[in-house]
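Start from the sequences and build out the full structure, keeping to the hints where you can.
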Amino acid sequence: MMKQLLIGLVLLGLVNTTFAEERMTFRSELNQVRYQSLIKELRCPKCQNQNLADSNSGISVDLRQQVHNMIESGKTDQEIVDYMVARYGTFVLYRPQNTPATFLLWYGPFILLLGGVVLFVAVLMKNRGRGSK
Amino acid sequence: MKRIVLFLPFLVFLVLGVVFYFLLGKDTQYMPSALIGQPVPQFQLVTLKGEQIKQTDDLPKGSYLINFWGTWCPSCHVEHPYLMTLAEQGVTIIGIDYKDQQAAARQWLRDKGNPYTLVLMDELGQFGLDMGVTGAPETFVVNAEGKIAYRLQGVLNAQSWQVIKAYL
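Chains as they are written, first to last, in this note's numbering: chain W, 2 to 134; chain A, 106 to 273.
No wet-lab data here; the hints were simulated from the structure. Keep in mind that the hints are not guaranteed to be accurate.
[Said to hold, decoys possible] Once the Cα atoms are required to be at most 20 Å apart in a straight line, the calculated EDC-like pairs of lysine to aspartate or glutamate come out as:
# : chain 1 : residue 1 : chain 2 : residue 2
1 : W       : K41       : W       : E30
2 : W       : K47       : A       : D235
3 : A       : K159      : A       : D235
4 : W       : K41       : W       : D55
5 : W       : K47       : A       : D132
6 : W       : K47       : W       : E30
7 : W       : K76       : A       : D235
8 : W       : K41       : W       : E23
9 : W       : K47       : W       : E73
[Stated by the list, open to error] Part of the chain W face toward chain A, derived, beta carbon under 8 Å:
#  : residue
10 : P46
11 : K47
12 : G59
13 : D63
14 : G90
15 : Y95
16 : W107
17 : G109
18 : R131
Just so you know, even glycine gets a beta-carbon here, dropped at the ideal spot from N, CA and C.
Take a look at the structure:
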């Protein structure tokens with residue numbers, strides 16, 4: 002009884018792993034690592050708050066397959082990202098590109114920090130002037 | 106001078122209030138296509154009827170719609186009668202049978218009527234990828250210059266048609 006239950010559980014475990022991800026073979030270890038990191042950084046265009054790795058929607062399955070094919074056919078990471086952006090827009094990138102449109106996103110915090118420092122120094126100078134009076 | 110500084114937080118509040126007010130009620134799921142303003146990507150697809158190979162050059166010359174559908178897609182059932190209505194009004198619709206079975210698709214058109222001027226099969230979904238499709242139904246407006254002008258994700262109905270027809 003116990004043994005059967007155990008075998009059942011093990012089989013269930015196997016089912017789960019095959020469901021979560023398609024069986025894919027890679028020509029090299031490096032390709033597999035690249036694949037894993039790419040599908041973590043690319044966003045599922047349908048489900049919006051999941052990356053390709055986590056999503057099981059039809060389009061994510063297709064896009065994972067596409068990433069796999071492109072890696073195996075010798076495309077660089079940049080080429081794959083460009084391919085996705087050309088079709089789905091910058092929306093699919095979890096890591097925003099550094100373009101004029103995203104200037105504030107990248108440098109806004111530093112600009113605010115600089116503003117804060119300037120203000121801080123200004124107040125400090127003013128108070129010092131008052132203190133010596 | 107001092108008085109103006111005191112009003113700064115209130116001004117910031119006002120600006121943010123106006124910005125947020127105009128963002129209210131916007132569809133958060135709306136995503137413009139990356140292909141707006143671009144020509145239809147190159148393709149080579151087989152027609153559902155007659156099994157001829159068609160290319161980008163075979164697309165209509167005037168403005169038309171490209172509609173992605175599939176017999177597996179529940180919303181496409183909902184959408185189909187409205188496509189029939191549009192076809193009767195003389196709108197040119199190219200159907201892309203997206204990731205579907207040929208026999209099932211033919212049966213569907215026999216049973217429900219065929220609103221499409223041309224139906225192409227995209228069995229593997231490769232053309233869908235090139236068009237940036239995320240599912241079905243999806244409808245693209247191609248204008249008279251052959252450029253993609255608008256993309257609608259979801260069901261095309263009387264309401265969404267009001268928006269779409271302006272792009273034709």
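Hints, one by one, checked against the model:
1. W/K41 <-> W/E30: Since the Cα atoms of W/K41 and W/E30 sit roughly 17 Å apart, the hinted pair holds (cutoff 20 Å).
2. W/K47 <-> A/D235: 15 Å, holds
3. A/K159 <-> A/D235: 16 Å, holds
4. W/K41 <-> W/D55: 8 Å, holds
5. W/K47 <-> A/D132: This hinted pair holds, its Cα atoms lying about 14 Å apart.
6. W/K47 <-> W/E30: Judged against 20 Å, a Cα distance of about 30 Å means the pair is violated.
7. W/K76 <-> A/D235: Roughly 17 Å separates the two Cα atoms, so the pair holds.
8. W/K41 <-> W/E23: 15 Å, holds
9. W/K47 <-> W/E73: Outside the cut-off at roughly 25 Å; violated.
10. P46: Hint holds; W/P46 Cβ to chain A Cβ min 5 Å, cut 8 Å.
11. K47: Holds, about 4 Å.
12. G59: Nearest chain A Cβ about 7 Å off; hint holds.
13. D63: W/D63 check passes; min Cβ-Cβ to chain A is 6 Å, inside 8 Å.
14. G90: 4 Å, holds
15. Y95: Status violated, d = 15 Å.
16. W107: 21 Å, violated
17. G109: With a minimum Cβ separation of about 15 Å from chain A (threshold 8 Å), the hint on W/G109 is violated.
18. R131: Because about 15 Å separates W/R131 from the closest Cβ in chain A, which is outside the 8 Å limit, the hint is violated.
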